[in-house]
Structure formats: structure tokens, C-alpha cells
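Each chain, written out:
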Amino acid sequence: MSEALRTVVVPLIYLLSATLFIFGLKRLSRVRTARAGNAVAAFAMLLAVVGTLLELGWIDYRWIAAGLVAGTVIGAAIAVRVPMTSMPEMVALLNGFGGAASALVGIAVYWVDVAEPGATGTAAALLGGASAVTLVLSVLVGAVTFSGSLVAYGKLSGSITGAPVRIPGGHALHVLLLAGTLAAGVAWCWYVAEPQGGTAVLLGLSAASLVLGVILVLPIGGADMPVVVSLLNSYSGVAASATGFVIGNYLLIIAGAMVGAAGLILTRIMCVAMNRSLGAVVLGGFGGDVGSGAQTEGAGAYTNVRSTSPEEAAMVLEAAQRVVIVPGYGLAVAQAQHAVRELAELLEKRGAQVLYAIHPVAGRMPGHMNVLLAEADVPYDRLWEMERINPEFRNTDVVLVIGANDVVNPAAQTTPDSPIYGMPILEVHHARTVFVIKRSLGAGYAGVKNDLFERDNTLMIYGDAKKVLQDLVAELKAAQAAA
Amino acid sequence: MLMGPLLIGLYVFVLACFVGFEVINKVPPTLHTPLMSGANAISGITIVGALYTAQTAEVTVSNVVGALAIALAMINVVGGFLVTDRMLRMFGGRR
Numbered sequence: 001m002s003e004a005l006r007t008v009v010v011p012l013i014y015l016l017s018a019t020l021f022i023f024g025l026k027r028l029s030r031v032r033t034a035r036a037g038n039a040v041a042a043f044a045m046l047l048a049v050v051g052t053l054l055e056l057g058w059i060d061y062r063w064i065a066a067g068l069v070a071g072t073v074i075g076a077a078i079a080v081r082v083p084m085t086s087m088p089e090m091v092a093l094l095n096g097f098g099g100a101a102s103a104l105v106g107i108a109v110y111w112v113d114v115a116e117p118g119a120t121g122t123a124a125a126l127l128g129g130a131s132a133v134t135l136v137l138s139v140l141v142g143a144v145t146f147s148g149s150l151v152a153y154g155k156l157s158g159s160i161t162g163a164p165v166r167i168p169g170g171h172a173l174h175v176l177l178l179a180g181t182l183a184a185g186v187a188w189c190w191y192v193a194e195p196q197g198g199t200a201v202l203l204g205l206s207a208a209s210l211v212l213g214v215i216l217v218l219p220i221g222g223a224d225m226p227v228v229v230s231l232l233n234s235y236s237g238v239a240a241s242a243t244g245f246v247i248g249n250y251l252l253i254i255a256g257a258m259v260g261a262a263g264l265i266l267t268r269i270m271c272v273a274m275n276r277s278l279g280a281v282v283l284g285g286f287g288g289d290v291g292s293g294a295q296t297e298g299a300g301a302y303t304n305v306r307s308t309s310p311e312e313a314a315m316v317l318e319a320a321q322r323v324v325i326v327p328g329y330g331l332a333v334a335q336a337q338h339a340v341r342e343l344a345e346l347l348e349k350r351g352a353q354v355l356y357a358i359h360p361v362a363g364r365m366p367g368h369m370n371v372l373l374a375e376a377d378v379p380y381d382r383l384w385e386m387e388r389i390n391p392e393f394r395n396t397d398v399v400l401v402i403g404a405n406d407v408v409n410p411a412a413q414t415t416p417d418s419p420i421y422g423m424p425i426l427e428v429h430h431a432r433t434v435f436v437i438k439r440s441l442g443a444g445y446a447g448v449k450n451d452l453f454e455r456d457n458t459l460m461i462y463g464d465a466k467k468v469l470q471d472l473v474a475e476l477k478a479a480q481a482a483a
Numbered sequence: 001m002l003m004g005p006l007l008i009g010l011y012v013f014v015l016a017c018f019v020g021f022e023v024i025n026k027v028p029p030t031l032h033t034p035l036m037s038g039a040n041a042i043s044g045i046t047i048v049g050a051l052y053t054a055q056t057a058e059v060t061v062s063n064v065v066g067a068l069a070i071a072l073a074m075i076n077v078v079g080g081f082l083v084t085d086r087m088l089r090m091f092g093g094r095r
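Chains as they are written, first to last, in the numbering used here: chain S, 1 to 483; chain G, 1 to 95.
Read the hints as simulated data drawn from the structure, not as lab findings.
Treat the hints with caution; some may be incorrect.
[Unchecked claim] A partial selection of chain G residues facing chain S, derived with a Cβ cut-off under 10 Å: (1) Val23; (2) Val64; (3) Asn76.
Glycine included, every Cβ here is placed at the ideal spot set by N, Cα and C.
When you get a sec, could you build the whole thing from the sequences and use the hints?
Below, the structure written as C-alpha cells:
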């Protein structure tokens, strides 16, 4: 009975689990079925855990139970508490934990089979060549995923600077470190025969992989982090798949490979939406859109730029019948979503129509602006998508561009040699007056000059988005009181 | 033709990659973040590997490391699926 359980029932449970993962992932990629798909995938995971526990049979469960309970409690607690605006960094953090788990499984397998019995011989001889090689891969990829995700988490949550951090040595250091780690892996598999040496090499390899993850992500700017998180997500799938090879479990190989492939596709889709190549993202150096030193570089390129003050802008807004607000990454950075809603309500009270124009990649996190404005209780029907709002700009009195740049650059339509040429944009330049609230005349995330700023109907308002919006609200209120 | 487990594993790996590519085709931008989060939760499948490594009662390096791996994978799984559901609930409620 017990034998049939292990050789027939459990593998069938794994097969069912793998099938449900495929169904779940498929449903997750369509809006109407996404929530059900997530539930199906969660059930598949439950099946996988139950199957494994059945396979293990009657063993001592205290360590397993401790880990399961601790993980469930912590995971549920942070998932319930995290605010909607922090979702991007939350995904990064959870992804890092998955990577760390894969790396730790590799290390634990080595301890169980080699270090604790004190066996003498190379890892390839003791574990089998295939297991030894994939163990190195699961530790390497898992550790890179872990430390890289933590850096991405820091950048997204603002505890590490969003600006690209230059690493002395640059890409040469990456290549050197990766080559060294792989060489250590080869030595560990086939050449190191005594247990102490093997342990030291494996731990050194883990430490080097952690450093590699950090220096790979640090040079990449904050605006590119969602792409990086997507890529690291793919890595964590690969790490899980490698773990599957180590322990000879096809379910892990299947689920890990699917996540790896899906992560790559998502990464590619996001790059295409930003009109950027994956190589350019990974090589880093861009994306310091948020008050970084790189921001001032573009200022000299502008000749005909006019700026104005909140007082003057308030007077124009007072007379406006239709106002369209274009939120961008800067709005999120300044946490100005409540201030913008207050301004919109004031204008509506004066009889104006206020709409929000949402670009598909505004904020560099799809759905980022929707989540942000929903948090400030902006009614959902005021949020118009690009295709719907673009014809309306011709009949718009005032457009307020708040912390957005490349998504409103007319060069994407008019200048064929511009790097962003072909990227779909919000055609705000057709409106009567465009106010651009921005910290300075810096180049945007794509590093290109924005022709919009030089248009005759564009006026810049320099300053922090939240501060400027609050000034506008104060001016409008003062005017109202005077009237 | 007889194949060793490694070769079978490679066959399975390659085919599963194609399944992943095929399944995630033409995803609407609104779903990028939830899908990333959902796929991330699935990568917590490494929990299965973690469960193999802590099978005895003694306080050993492998048991401690294994239990830590189980806890981390479980945070990834539970947190990942719950967070994804929270996001999708918001999108779903609005359609």
C-alpha cells in the first residue's frame, strides 16, 4: 500500500498539480478569469505540498511544521497589511524569498548527503554529476535572485536611491565575478574531494552570488525596476527548476520552467511598451528620472521654454471648462495623489469637467496610476485610457501634466530619429494650454529632449508636484473667497 | 531508447518552457503586475524541495537550513497568492 502510494498516487497528484498550474497561469492572463486563475494556481500549490507530505510518509515533522507555520503566518500578515501603492516592491520582496529558498534547498541537500555523513569524494561522485551541476545552478541563480530582489525592493520603496549607482569596474566586474563563481562551481563538482573544502567552496560560491545580485541591480535606475523585477521573477523560476533537477522532481521542473518562460515574455512585453531593448535595461545607467543627478543633463538642449507661477496658472484654471490631468511617475514619487484629487474637486465645484488621461505605461508599472488614484478615491469613470482621451484634447482648455515626460513627447510622432519614435503618446499638445509640473528641465527616463516643453501653448511650473498642487489649491480657494 | 532521469528532466524542462511561452501570450497591460505576482507565487513551488530537506528531529545544520527554506518558500507562496488576489479584486470590482 505504502509502496503504491509513493510510486503511483503521489506522482499522479504531482501530475494533477502541474496541469492545474498551467490552467491557472492561462486564466491569470485574461482579465475576466484572472482571479479564478489565481485561486486554481493556489490550489495546485496546496496539492503539491500535500503530495510531498504523503511521499515523505511517517517522519518527524517538527522542523517542517515550524517552517510551514512561520512562513504562512508571516506571509499572510504582510500580504494583508501592505498598502496597494507598495505592490511593486512587495512583489520584489516575495520574489527574493522564493529565490533564497531555492538556494537554501541546494545547500541543505549538500549538508544532508555530504557534509553531515562526512563523506569523502567529489560532489559529482557523491550526488551524481547532474545533481551536483544543478545544485550549483540553484544556489547561484537563487542567491542572485535573492540579493537582486532585495536591492530592487530597496529602490522601489525608496530606502536605496533610485538613481543608477555606478559600480567601479562596471560590467567587467560582473563578468569577472560570474566567471569566478562558475569556476568555483566546476571545482566544487569535480575537483574538491574532502568535505571541509567542499563546504567552504559552496559557501564562498553562495556569498559571491549574493554580491553578484547586488552589483547587477544597483546600476539600474529606479524607473526600470519593474522590468528588473519581472526578469528576477523569471530567474526565481529557473532556480526552482534547477532545484527540481537536484531532487529529481518533475513538478518542480515544470512549474519552475513555466514561471521562467512567462517571466521572460512579460519582461519582453514591458520593454516593448517602453520602446526599450532588454539589453539597454540590463546594462543599466538610465532611469534616474526621480531627482537624480542625470536629470540636469537635458536642460541645455532647450531654447524656447516659458515658465509660470502657480498664481498665474490658477487664473487660467479658473476660466477652464474642461481640464485633463496627466499623471506620471513624478506624481507617485511626490505622493501627490490626494492633492490632485483636492484640486480636481475644487475645479469641478466651479463647473469644470475634470478627466484623467492614463497612458498604458504611466508610472512604469502597468496599472500603477489606477491603483494610486483609486487610493485617493478618484472616481474610476474619470480615468480615461489613451485611445479614448486622445481625440478629446482638441476640445480641452487646460492640460495638467504632473510628473510625466516621455508619454507626452510629440517627438514620438514627429521625429523619426528620436529613440522613442513610434511609442504611443498622449497627444496633449493639441490642447489650448498645457501646464507641465516638473522639478526641472531634465531629460526623462528615455533620456530624450521633450519637444512639448518648447511648444507655444506649453508653460512649465517648476517644483515638487505635491507642493505645486497645494499652491494651486490655495490660490483657487483665495480667488473663490475674494469673489 | 532508454533515457536517464537527467535527459527526461531536460525534455520536460524544454516542453514546459514552451507551455509558459504559449500561455502568456498577449496579456493586457493592466494584468502585468498581477500576473507577475501570480507567477512569482508559483515559483514558490521550491517549497516541495524544501520539504525533503528537514526530515528528522535533531538540531542539525540541514534541518535548520531546511526549515528556513520552508518558511521563506511559504512566505513567497502564501504572500504571493494573497497579494495577487487583493490586486485582482480591485480590477475585477471595477469592470
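Against the structure, the hints:
Residue-level restraint check for G:Val23 holds (minimum Cβ-Cβ distance to chain S is 5 Å; threshold 10 Å). Interface hint status for G:Val64: upheld, as the beta-carbon distance to the closest one in chain S is roughly 8 Å, under 10 Å. The interface hint given for G:Asn76 is met, as the beta carbon of that residue sits about 4 Å from the closest beta carbon of chain S, less than 10 Å.
Of the numbered hints listed earlier, not one is contradicted by the structure.
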